[in-house]
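There are 2 protein chains.
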Amino acid sequence: MQRVREHRPQEFDRVLSSMCTEPHPRAHEAAVEFLATNPGDPATYQTVADLETEAIDQLGEIAGLDDPFGYVASGGTEANIQAVHAARNRAAGRGDTARSDTPNIVAPTSVHFSVTKAAEMLGVELRTVPVDDDHRADLDAVEAAVDDDTALVIGVAGSTEYGRVDPIPAMTDLARDAGARMHVDASWGGFILPFTDYEWSFADAPIDSMAIDPHKFGQAPVPAGGLLARERETVDALAVDTPYLETTSQATLTGTRSGAGVAGAVAAMDELWPAGYRQQYREQQANAEFLADELAARGIEVVDPTLPLVTASLSPATFEALRDEEWRIARTADGNLRIVCMPHVSRASLEAFLADLDRVRS
Amino acid sequence: MQRVREHRPQEFDRVLSSMCTEPHPRAHEAAVEFLATNPGDPATYQTVADLETEAIDQLGEIAGLDDPFGYVASGGTEANIQAVHAARNRAAGRGDTARSDTPNIVAPTSVHFSVTKAAEMLGVELRTVPVDDDHRADLDAVEAAVDDDTALVIGVAGSTEYGRVDPIPAMTDLARDAGARMHVDASWGGFILPFTDYEWSFADAPIDSMAIDPHKFGQAPVPAGGLLARERETVDALAVDTPYLETTSQATLTGTRSGAGVAGAVAAMDELWPAGYRQQYREQQANAEFLADELAARGIEVVDPTLPLVTASLSPATFEALRDEEWRIARTADGNLRIVCMPHVSRASLEAFLADLDRVRS
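Chains as they are written, first to last, in our numbering: chain A, 712 to 1073; chain B, 712 to 1073.
Treat the hints with care, since some could be wrong.
[Claimed, not checked] Here are some chain A residues pointing at chain B (derived, C-beta under 10 Å):
| # | residue |
| --- | --- |
| 1 | Q721 |
| 2 | V977 |
| 3 | R1009 |
[What the hints assert, rightly or not] Among the chain B residues that face chain A by a calculated CB cut under 8 Å, a handful are:
| # | residue |
| --- | --- |
| 4 | S728 |
| 5 | P734 |
| 6 | A742 |
| 7 | V743 |
| 8 | A747 |
| 9 | F824 |
| 10 | L833 |
| 11 | L837 |
| 12 | T839 |
| 13 | R968 |
| 14 | P985 |
Hints are computed from structural coordinates only; laboratory data are not their basis.
All values derive from a computational prediction rather than experimental measurement.
Glycine included, every Cβ here is placed at the ideal spot set by N, Cα and C.
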């Protein structure tokens, strides 16, 4: 234990860079109770397997899908990989010999890098298309990129860098027209978008699959991601046979899985859906707007925070000076400061950050 | 919380089917402390990232490898997938135009089904070869299967169904002769094999990579698997660029990862390596031999338990009757009873199992 004792977990009061957060106390409690369980072996660990079914049903309700299929994944990366995986396998079954051997997937440049992982692993071509001036997928570019070999179009609902929501219904139309499937990455946005006017969910468009992570705005402990699918065939396309387990197949990317994540997710959703999540969204949206206004008042160029995520231009020297003050902050690929207003972020913490910013800039 | 409260985790006293176990109390404690951390974002969660480095160094010591490369994976499935992934990518870089487009991997039929997942995902051909009468990879069959397109040979060190260790040094020679790499799946066996005479480790043969799971015999909480590699290039072959993280690349299959698993693994290894693991191995090997003798004394055909795993023939009716008594037991693909003597398995529990067996058979 000595080496663990020498390391303390970070405090969250200076973590402004993470898309994860402190689990809700009830979620923490449930995770601890189910720490020694494995939903990947449901015949042995039956009760946590039952909880996983409840988690998927609840995620379906949040994402506007009756009778959802899917599972609690290790995170958004796994959910995105498996969405590409299922689409690749289902496209291979389309039986159209005119198609080439290499299927493609189409996504905006704002798509999470897990999709790059997926394409590289799965041997599909990733066609990234430009975003418009508001950092949302450009529809003309999507239309130009899809063709008969397109297996999947991916839209982002709450992008990692700017918190933007792609035009999901229109992208879904383009996917359908090309005979492709449609996946929405709502890993980060899924637990706040129900309280906005965005069109993003299974109820808003005939999308096929979604990544939606309890361990981000859902306030569940890591690892608790979510893969949802409208059709059973999507999950079936991922299944391999499982000798030596008393179940017949497994659609997950991983084998042994965390019961702590599953139980924590159920506990958090029980506690917070919908009122608690609505309140959290409102508080953090207000925090993001407060921070954006304060930065703008200091003459800093800020991108309008349409969801609780603030990006702003900041010199590398100032950025490094704030990192030296133990602020956990991150940058976009373009070098912009990026602050994610997750549930653990308080107004007091943002005020302390602004005070340090003023000090290091003076 | 209500729905979680309606479900209790299983008790472990009747779990005879799992390759996971109750975490060591120190590991449990460390996992709880680090529940809200993410080693997948090391610039934000620095202390748990440091712990991961210590975990890999310690795993290297157990597996006979100085200066190990690798990471704490979600489990043996991810470690096996990434070993195949790295071998595929490195083989593609061999630049030999005589090779075909589809690389192959060679493994015994006893290999874990995660390798089937890996091959299917990664577009490589899995060539499974027969095992000998003692359930170990047949060397002649391996030799016949490898060719110029072989990217990887996989040997199992502690097979899932019979607890057998393949002839790793000889398989490594065959892999080398074909210009292929060698991976050892010691997911289950890695924490007990150091106390046996088997040749299985990086010190015993010039193998390239290994899966070795703290969350099995290592007594760490789920999710804590391990991928080890002798060369940096193996991990580099998996890396994708990571915009918006303050680190430059990521070699893991998943993105966000469990700090609980990492901290729990370090705590368990600190506490138990090597004396505690040696004692656990001796106790469970004795338990396995006790159970095997007792089953044989009842006229049941038993496979010699060369590691702490007992397989025996049992009628489907008797198997089902024992499941009805809440015994968590599993079967091999051939229908044999399979009991894994993990650290939570007590002699008293095995005696209770035998008493129930006598009752349901009479």
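Status of each hint after checking the structure:
no.	hint	in the structure
1	Q721	6 Å, holds
2	V977	5 Å, holds
3	R1009	23 Å, violated
4	S728	5 Å, holds
5	P734	6 Å, holds
6	A742	6 Å, holds
7	V743	5 Å, holds
8	A747	5 Å, holds
9	F824	6 Å, holds
10	L833	6 Å, holds
11	L837	11 Å, violated
12	T839	12 Å, violated
13	R968	7 Å, holds
14	P985	16 Å, violated
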